[in-house]
Each structure stands twice: as structure tokens, then as C-alpha cells.
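Chain order of the listed sequences is A and B. Quick note: the first sequence uses my numbering, first residue 1, plus one each step. Quick note: the second sequence uses my numbering, first residue 1001, plus one each step.
In short, the hints are calculated from the structure, not lab data. Ideal placement from N, C-alpha and C gives every residue a C-beta, glycine not left out. There could be a bad hint or two in this list.
Unchecked claim - Here are some, though not all, of the chain B residues that point toward chain A, as calculated from beta-carbon distances under 8 Å:
#1 1010
#2 1041
#3 1046
#4 1047
#5 1049
#6 1078
#7 1081
#8 1084
#9 1115
Unchecked claim - In the DSS-like style, the derived pairs of lysine-lysine whose C-alpha atoms are separated by at most 27 Å in a straight line are:
#10 B:1171 x A:519
#11 B:1124 x B:1192
#12 B:1138 x B:1192
#13 B:1098 x B:1138
#14 B:1171 x B:1181
#15 A:243 x A:306
#16 A:208 x A:243
#17 B:1192 x B:1181
#18 B:1192 x B:1002
#19 A:243 x B:1002
#20 A:4 x B:1003
#21 A:204 x A:243
#22 B:1002 x A:4
#23 A:519 x B:1181
#24 A:4 x A:243
#25 B:1098 x B:1192
#26 A:518 x B:1138
#27 B:1181 x B:1124
#28 B:1181 x B:1138
#29 B:1171 x A:4
#30 B:1138 x A:519
#31 B:1192 x B:1003
#32 A:243 x B:1003
#33 A:290 x A:306
#34 A:460 x A:518
#35 A:243 x A:266
#36 B:1002 x B:1171
#37 B:1002 x B:1124
#38 B:1124 x B:1138
#39 B:1171 x A:518
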Amino acid sequence: MSEKRLLLGDEAVALGALHAGLSGVYSYPGTPSTEVTEFIQNFAPQVRSRWCTNEKTAMEAALGMSYAGKRALVCMKHVGMNVCADAFVNSAVTGVNGGLVVLAADDPSMHSSQNEQDSRFYAQFAMVPVFEPSDQQEAYDMIREAFTLSEELGLPVLFRVVTRLAHSRAAVLIGEGVEQNAMNPSNDRGWVLLPAIARRQYLKLIDKQPLMLEASERTPHNSLEGTGRRGVIACGIGYNYVKEAGAQDITILKVSQYPLPEAQIKALAARCDSILVVEDGQPVVEQGVKALLGAGYPVEGRLTCKLPRTGELTPDNVAAALGVPASRAFGTAQNLAPRPPQLCPGCGHRDVYAALNQVVAEYPGARIFGDIGCYTLGALPPFRALASCVDMGASITMAKGAADAGLFPAIAVIGDSTFTHSGMTGLLDAVNDHSRITVIISDNLTTAMTGGQDSAGTSKFEAICLGLGVEPEHVRVVVPLPANMPEITRIIREEIEYDGVSVIIPRRECMQTLRRHKK
Amino acid sequence: MKKDIILCGVGGQGILSIATVIGEAATAAGLFLKQAEVHGMSQRGGDVQSNLRLSNEVIYSDLIPMGSVDLIISMEPMEALRYLPYLSRTGRVVTSAKPFVNIPDYPDHDALMAELDSLPDVVKLDIEDAARACGNPKGANMVLLGMAAPAIGILSAEELRAAIGRVFARKGDAIVEANCKAFDLGCEAGLKK
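Isolated chain A, as found in the complex (with noise of 0.2 Å):
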């Protein structure tokens, strides 16, 4: 039995990843992978789907899962594979027991994000395979064909997708589900990283990479098409806009799953004269083809300017790269300004930025430290209160270390879901440090940015700082509205003048939740 269903990119992989026996995911909220974990959420309620305080627990937990003998998914956007790196890398050398797929969802172009990191980088530096899917249906087959390739070669799968799959719907044609495995715990020692069982494991990684590059060279989702004497080495999404552009005089390497095929490779360089690399992000596959080809055969990409460095690829450039020539009939219009986001009318990170800058005004010495989330905004227009916005959790470190230097005052502005998933440890070095700096939990009882999903501190922000030895009367509570304002910043002028750790916690619910919730 099959049916057709409309679904984004990832709601495909997670409906895949269902049917293909999963009994867990953990996730931290990131665009664009936001939707795979709440499709789950929403429609399977026999998988495990709770948010996780962070990538690294989310990781952690799954391989715990895996162990087990069981299928387990984690999802999150390309920066949390920074935050998960410990566990990701590791995961491949203790190898995993039950299926175990890493989706990070890759923004090039950064439409909602801080830099275009490319996750495939990961893979070759953990040496585990990658599926990267073309499309919504390859995105469906494929999570269910990463999660047998897991347990084949008893490795962690990445599974790379990257927003405009994400975030594009198409009707996807779907199978049949397969039951959960059972409970199978591993009896192996190789889980015990110790040096002496670590080198064992290790050569053991080794010894599985021509398996990998064996399932690389046979997957039906690598294929060679045309006969042109041009070649294209397609990754990805990048195959769809090479077929846009219909150019005749090429061959195309269709590349979806990795380590690269390499006997595939040189067949299209025996068969063509020069090859185009087409791949979102970063110039991974490039590098790569540039290496097994040898330096004497042409080989064209981002590296060498035929497509551009930075951004996503988009139909445009890549008929341009491949000499299809464009037709446009309007130009820029005329009459026309930037319309950046901003924070919802009424949203609370307003009234704390307000009261902050009303407050700092008096104080020329003063740096706001930002952090990842809504109120990142509050660099832009009306507030620009931002000195720094870096990485989840930063606002209170790099407060910390500003601080050190002898800056004065150091703010800290950080969100109640950032705060648990990478704030706690830095407050705890400040408190043992007494370092002079106030920080702002601008708590919101959301992870508002990504659509409002829960958040995993919220009712446990006062017992958390007092926990870590923040002094009891130096954790304050507000409420951000216009017209507590002569208590906010009254208060805000008293902590910065407290010469130790104070945290202040201006607290209202997201404007999106509140109208969600009275509906």
C-alpha cells in the first residue's frame, strides 16, 4: 500500500525516519531543522520527542538509545553540530548498536542564521557516511536507507539537508512503516573509551571506510546521466538546478550519498573533458575531486569563481556557471526599502531593552553582550543595544572576560531556552570568578525565535542561579512592561553597581504564545 502525500523536506524525513522504526528523537530548535522534531511531536506520540536542553545532551541521549539497540534520530541546524562535536566525532569511534541518524539541517545564505558552515566537513572529519537528498522524495527513502547503512557498518549516519529543501513542500510518495527494534543492549567493550580500547576502535573506523565508498559506488541516489562532453557533479539540490537549466552538451554525476564515489568520479572525467562541481555550501566536494583527479585535469566550481563563494545556489547562478543565458524583463524596482525582521509589538525584549539603554545612557563605559535568539533584534533599529552576538550562550562568557579586562559595566542579554542550553556553565565560572557583571535572563517561557517551543528551564530559572551561588539577594525578578519601567531600570542601576554576579529576570510570555494559547 502507498499514498501520496504533500510534505516539506522535513516532514518527508521524519515521516521516513517513523517509517522506518524510530523510537526515539532529540533535538534542540534550530531553522531549518525546527519541523522534523515537531512533525514527530504532532503525529507519533509512540516516539520518544521531547525538546532537549541542547545538541550535545540531544546527541548523547540518542547514542544512549542506539546502545540500546534501538533506532534514534537527532536533529538540529548546522551550528549545533559545534555543540554536539564531542559526541558526534566519538559516536564514530565507539560505532553505534541500534540505527543512529544525525540530521543537521545547513543555511546557506544564512537566512536565519550566523555563519554558512557546511556540515559535510563533519562527516569527513568523523569519517562516517553522508546522505544529502535531492529532493522531498529522496529525503523520504533516503532517512529510511541511512538508518539500514547505520546498522550495517554500525556507524552514525549525517543525514544533510539544507533550507530550501527543508522549508520546500512537494507530494512525496510513501511506503510502509517497520516495527521498532527491541531492546538489544551492546555487551561490547569498544563503548569504553580508554586509550588501549580507543586505538582498537579507531583502526576499526579505518577498516570500515571502503565499506562506505563500497555503499557510496552502488546506491541507486549516485548515478550517472547524458553524454555531453561537459561534466557536472551535481550534489544535493544542486542536481535540481542543473536540470532547470537543461543544458544538452553535459553528462551529470548525480551525488546524494558520501564519501564520494570515486570510480564514478573518474568514469565522468575519462567520459567528459572539464567538470562543474554544483554543491550548496562550502567547497567540500570541489576539494575533493580536485585531489582524486590530480592537478593537470579542469576541474570548476566555487573555488574558482564559476559559481559565487558564499550564498545558497539558486537556479540563476547555476545556469549562469553552466552558460545558459538568462532572460529578465524587469530590473530592480525603484521604489523600494529593506524591510528587516523585528520584535512583535508588545513582545517584552522590548520594554528590557528600553529600560536597558535608558540606564546604560548614564554609564559611557558600558557593552550590552547579545546572545542567539528574538532578541538578537535589539541590535537593529529603534534599540542598536548590541555590542556582540556570537554564539548560544556567549552573552555571559564574553561579559565575563570583558569584565576581566576591566570593562565596566559588562551587561549580558541572554534568553531563557539559550541560558539552559549553553548559559549555566559560563555564570558558573563567573560566580566562582565573583566577575563584576549583571546579566538579563530575558525570559520569554519560550524558544520564541523557532515558533515557541518549550523551553527546558522555564519555573527553574531562580533555583538554577542560586544553584550556581548567584548571592539570593542579587537574583531579581521583573515584569517587562512600559509601565513598571521606573522599578526595572532602578533596579538595573542597583545590580550594575554591585560589585559580584547579579542575573535580573524580566519575565512576560512570547506574544506569539499568548495569542496561541487564548485562542
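Chain A is fixed; fit chain B onto it per the hints.
Positioned in the frame of chain A, the structure of chain B alone reads:
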């Protein structure tokens, strides 16, 4: 036959509901469809767009190439202009006439309208007024869908109206009826063109 559509507006204006209705109609009609959406940061009051492609044949790219859009459907007049480089020579722009001003440097109103009017094929209407006039103040996006219906072509107005019924069914008959009324009003405005 294929139809390449850009739906656009400001985050929160409800362009995804329009996309959902067209998607439902296209699926029922057995068409191929790809619909790229914007999720995440831009939804906070920034510019948003959705690339919607309908065809009788396989569609490869999720994004529409520049210069080949058949129809821009916009909830906001300046946002309609943002995607002009994507419009084909014979493409139509269907837009709300009423600016949504949430930025300090919004263009001069008359100059904006003059530039819109200078395009070869434009249909514009104050869709919020029209929605209020037919007793469905939240139905501006359905008025706009109606205005676009004659130009969608690959799907008939009847197929789109039936899709409205299915998409909003769980919200009750009253909402379905109100949305169909808004849609019909939009259709009339679209046909007068």
C-alpha cells in the same frame, strides 16, 4: 502547462494560507507542485515570500528562475515590487493597494503607486477594505486569492473555491462561507481587469 507564482508580503500577513489553498487545489487536480516557504527570523515582521510552482510535468527546482514568474501575488504593494526581477515579460502582478508601513524609510506613496501602475499587467485593490465590506475583516488574503484566480489558469476558480472549503472545513461552515464570499469578491475584481 506550468504556472510559476511568487506569493509575498510581510511576516504575519497570512501568505502561507493562500499557498495552502492553492496547494490543496493542485494536489486534488493531480498537478506537480513545489512550494518553497520562508520560516524563521523573517516571519517577525520582515519581508516574506513563497515560491509556488505548478505544472503538468515534473518540476525540478524549488526556486523559480529570474525573469520567468507568471504571477506575483502580494499582500503589500512595495513587497510586490521587491520581486520584479523575477517577473516574466508577460507576467501579472496582483497586489493589495494598501501599504503596510513598519519601517522608517518606506517609499513615497505616490511614487510607489506610479511605479506599480507603470507595469504592463497589474491588478490592485484595497483588499482589507474589500474584506471588511463583505463582512469578513480577516479574509483579505482570500480576496487577494480571488483576484489572482483568473490568472492562475492551470486551476479553475471552482477548483480553488472547493479547496477553500476543504482547507477551512475544521474551522466551521461559517468561516468557509465567509472565505468563499471574500474569494468571489476578489474574483470579480480580478476579472474586471
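Each hint, compared with the structure:
Contact between residue 1010 of chain B and chain A, as hinted, is supported at the beta carbon level, the nearest pair being about 7 Å apart and thus within 8 Å. Of the supplied interface hints, the one on residue 1041 of chain B holds, with its beta-carbon coming within about 4 Å of a beta-carbon of chain A, less than 8 Å. The restraint placing residue 1046 of chain B at the interface with chain A holds, with a minimum CB-CB distance near 4 Å, inside the 8 Å limit. For the restraint placing residue 1047 of chain B at the interface with chain A, the shortest Cβ-Cβ distance is roughly 4 Å, inside the 8 Å limit, so the hint holds.
Hint status for residue 1049 of chain B: violated, given a least beta-carbon distance of 11 Å to chain A, over 8 Å. The criterion of a C-beta within 8 Å of any C-beta in chain A is met by residue 1078 of chain B, whose closest approach is roughly 6 Å, and the hint holds. For residue 1081 of chain B, the interface hint holds, the least distance from its beta-carbon to any beta-carbon of chain A being 4 Å, beneath 8 Å. Because the beta carbon of residue 1084 of chain B sits about 4 Å from the nearest beta carbon in chain A, less than 8 Å, this interface hint is met.
Here the hint on residue 1115 of chain B is kept, as its CB sits about 5 Å from the closest CB of chain A, short of 8 Å. As the CA atoms of residue 1171 of chain B and residue 519 of chain A are separated by approximately 12 Å, the hinted pair is consistent with the 27 Å bound. With a CA separation close to 11 Å, the supplied pair residue 1124 of chain B and residue 1192 of chain B stays within the 27 Å bound. Distance restraint check for residue 1138 of chain B and residue 1192 of chain B: the Cα-Cα separation of roughly 24 Å lies within the 27 Å cut-off, and the hinted pair is therefore satisfied.
Of the pairs offered as hints, the one joining residue 1098 of chain B and residue 1138 of chain B holds, with about 15 Å between alpha carbons and a cut-off of 27 Å not exceeded. Of the supplied pair hints, the one linking residue 1171 of chain B and residue 1181 of chain B holds, its CA atoms being roughly 16 Å apart against a limit of 27 Å. Between residue 243 of chain A and residue 306 of chain A, the direct Cα distance comes to roughly 18 Å. Compliance with the 27 Å bound is thereby established for this hinted pair. Using a Cα cut-off of 27 Å, the hinted pair residue 208 of chain A and residue 243 of chain A is violated, with the two alpha carbons roughly 34 Å apart.
Note on residue 1192 of chain B and residue 1181 of chain B: the hinted pairing holds, with a Cα-Cα distance of about 17 Å set against a maximum of 27 Å. Annotation: proposed proximity of residue 1192 of chain B to residue 1002 of chain B holds, straight-line Cα distance about 24 Å (limit 27 Å). Proximity of residue 243 of chain A to residue 1002 of chain B is assessed by CA-CA distance (about 16 Å); at most 27 Å being required, the pair is judged to hold. For the hint pairing residue 4 of chain A with residue 1003 of chain B, the CA-to-CA distance comes to about 21 Å; that is within 27 Å, so the pair holds.
Restraint check for residue 204 of chain A and residue 243 of chain A: the C-alpha separation of about 40 Å exceeds 27 Å, so the hint is violated. Only pairs whose Cα atoms come within 27 Å are accepted, and residue 1002 of chain B paired with residue 4 of chain A is accepted, the gap being roughly 21 Å. Annotation: proposed proximity of residue 519 of chain A to residue 1181 of chain B holds, straight-line Cα distance about 24 Å (limit 27 Å). Among the hinted pairs, residue 4 of chain A with residue 243 of chain A is consistent with the structure: their alpha-carbon atoms are about 23 Å apart, no more than 27 Å.
For the suggested pair residue 1098 of chain B and residue 1192 of chain B, the alpha carbons sit about 19 Å apart, so the restraint of at most 27 Å is met. Simply put, residue 518 of chain A and residue 1138 of chain B have alpha-carbon atoms about 17 Å apart, close enough for the 27 Å limit, and the pair holds. Among the hinted pairs, residue 1181 of chain B with residue 1124 of chain B is consistent with the structure: their alpha-carbon atoms are about 18 Å apart, no more than 27 Å. For the hint linking residue 1181 of chain B to residue 1138 of chain B, the alpha-carbon distance of about 12 Å falls within 27 Å, and the restraint holds.
Distance restraint check for residue 1171 of chain B and residue 4 of chain A: the Cα-Cα separation of roughly 25 Å lies within the 27 Å cut-off, and the hinted pair is therefore satisfied. At roughly 15 Å between alpha-carbon atoms, residue 1138 of chain B and residue 519 of chain A fall within 27 Å of each other, so this suggested pair holds. Among the hinted pairs, residue 1192 of chain B with residue 1003 of chain B is consistent with the structure: their alpha-carbon atoms are about 21 Å apart, no more than 27 Å. Taking the CA atoms of residue 243 of chain A and residue 1003 of chain B, the gap is about 18 Å. The hint holds against a cut of 27 Å.
Between residue 290 of chain A and residue 306 of chain A the CA atoms are separated by roughly 15 Å; this keeps the pair inside 27 Å, and the hint holds. Between residue 460 of chain A and residue 518 of chain A the CA atoms are separated by roughly 24 Å; this keeps the pair inside 27 Å, and the hint holds. With a CA separation close to 22 Å, the supplied pair residue 243 of chain A and residue 266 of chain A stays within the 27 Å bound. With a C-alpha separation of about 32 Å, the suggested pair residue 1002 of chain B and residue 1171 of chain B falls outside the 27 Å cut-off, and the hint is violated.
A hinted pair counts as satisfied when its Cα atoms are at most 27 Å apart, and residue 1002 of chain B with residue 1124 of chain B qualifies at roughly 24 Å. Restraint check: the Cα-Cα separation between residue 1124 of chain B and residue 1138 of chain B comes to about 18 Å, which is no more than 27 Å; the hinted pair holds. Simply put, residue 1171 of chain B and residue 518 of chain A have alpha-carbon atoms about 16 Å apart, close enough for the 27 Å limit, and the pair holds.
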